[in-house]
Structure formats: C-alpha cells, structure tokens
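Peer 1: Let's have the full structure, built from the sequences with the hints guiding it.
Numbering (this note's numbering), first residue to last: 79 to 183.
Be aware that a few hints might be false.
[What the hints assert, rightly or not] Okay, derived cross-link-like pairs now, SDA-like style, lysine to any residue, Cα gap no bigger than 25 Å in a straight line:
hint : residue 1 : residue 2
1    : K162      : I86
2    : K131      : E159
3    : K95       : N154
4    : K95       : D124
5    : K162      : S106
6    : K167      : M82
7    : K162      : E125
8    : K167      : V110
9    : K131      : D97
[What the hints assert, rightly or not] Computed spacing ranges between beta-carbons, pair by pair:
hint : residue 1 : residue 2 : range
10   : P134      : K91       : 46 to 56 Å
11   : T172      : D147      : 30 to 40 Å
12   : T120      : V142      : 15 to 25 Å
13   : K87       : G144      : 53 to 63 Å
14   : D138      : G173      : 46 to 56 Å
15   : N140      : T120      : 22 to 32 Å
16   : Q93       : E146      : 39 to 49 Å
17   : L107      : V137      : 16 to 26 Å
18   : K131      : N83       : 49 to 59 Å
Hints listed in this document are in silico derivations from the structure and should not be mistaken for laboratory results.
Computed from a prediction, not measured in an experiment: that's the story for all the values here.
All C-beta atoms in this analysis are idealised placements derived from N, C-alpha and C, irrespective of residue type, glycine included.
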Amino acid sequence: MSGMNKFIKQAKKMQEKMDSLQKELSESLIEVETSGGAIAITISGDEILQTIKIDPAIVDKNDVEGLEDLVLTAVNQALKEAKKFSEEKTKEITGNIQLPGGLSF
Numbered sequence: 079m080s081g082m083n084k085f086i087k088q089a090k091k092m093q094e095k096m097d098s099l100q101k102e103l104s105e106s107l108i109e110v111e112t113s114g115g116a117i118a119i120t121i122s123g124d125e126i127l128q129t130i131k132i133d134p135a136i137v138d139k140n141d142v143e144g145l146e147d148l149v150l151t152a153v154n155q156a157l158k159e160a161k162k163f164s165e166e167k168t169k170e171i172t173g174n175i176q177l178p179g180g181l182s183f
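Peer 2: Here is the structure:
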C-alpha cells in the first residue's frame with residue numbers, strides 16, 4: 079500500500095471516530111447542581127443546554143438580580159463541565175495530538 083493510500087485510510091478512520099464522538103457528545107447528558115441543589119442544569123456533551131430547574135423556594139420577586147446571578151453561575155459551571163467532558167472524550171480518540179493555531183477536531 080502506498081503512503082498516500084495509507085494516509086487516506088487513516089484519515090477516513092479518524093473521521094469515522096470523530097463522527098461517532100459527535101454523536102456520543104450530543105447524546106451524553108451532564109447534570110450540574112449549584113446553590114445547594116436549588117438550581118439544576120442539564121447540558122449535553124456538545125454544550126447544548128437541555129434543562130434549567132429552579133427550586134421555587136429561592137425565588138424572591140424582590141431579588142430578581144440575585145436569582146439571575148445564581149442562574150448565570152450555574153449555567154457557566156455546566157458549560158465548563160461539558161467542555162471538560164468533551165475534551166476528555168476527544169483525547170480518548172486523538173491521544174495528545176496538538177494541532178497548530180487553535181485548530182481542533
């Protein structure tokens with residue numbers, strides 16, 4: 079097998095793995111609770127918010143800004159967890175391949 083054919087075969091195999099990874103990420107759900115469980119966020123591994131649940135006991139119509147801050151903190155934590163999950167799954171497939179210039183798979 080020529081070097082080019084081998085390279086093409088490896089590239090196709092990597093693409094199949096990456097397609098499989100994308101499917102796995104979109105189907106994986108990560109749950110994050112903050113504020114002692116008062117706010118629960120569910121996000122997929124591909125960083126799409128699925129649900130936001132808020133315990134009615136923490137809702138104070140006189141402190142909407144406080145609630146907004148709690149939700150923002152919870153969403154940011156969920157996004158961070160989803161990104162970490164995605165990076166770990168990607169490393170399982172790619173190893174520690176470093177791509178130049180911020181490129182990713």
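Peer 1: Please go over all the hints and tell whether each is borne out by the structure.
Peer 2: So, going through the hints one by one against the coordinates:
no.	hint	in the structure
1	K162 x I86	violated, 30 Å
2	K131 x E159	holds, 17 Å
3	K95 x N154	violated, 29 Å
4	K95 x D124	holds, 16 Å
5	K162 x S106	holds, 13 Å
6	K167 x M82	violated, 28 Å
7	K162 x E125	holds, 10 Å
8	K167 x V110	holds, 18 Å
9	K131 x D97	violated, 31 Å
10	P134 x K91: 46 to 56 Å	holds, 51 Å
11	T172 x D147: 30 to 40 Å	holds, 37 Å
12	T120 x V142: 15 to 25 Å	holds, 23 Å
13	K87 x G144: 53 to 63 Å	holds, 57 Å
14	D138 x G173: 46 to 56 Å	holds, 50 Å
15	N140 x T120: 22 to 32 Å	holds, 29 Å
16	Q93 x E146: 39 to 49 Å	holds, 42 Å
17	L107 x V137: 16 to 26 Å	holds, 25 Å
18	K131 x N83: 49 to 59 Å	holds, 53 Å
Hints 1, 3, 6, 9 from the earlier list are contradicted by this structure; the remaining hints agree with it.
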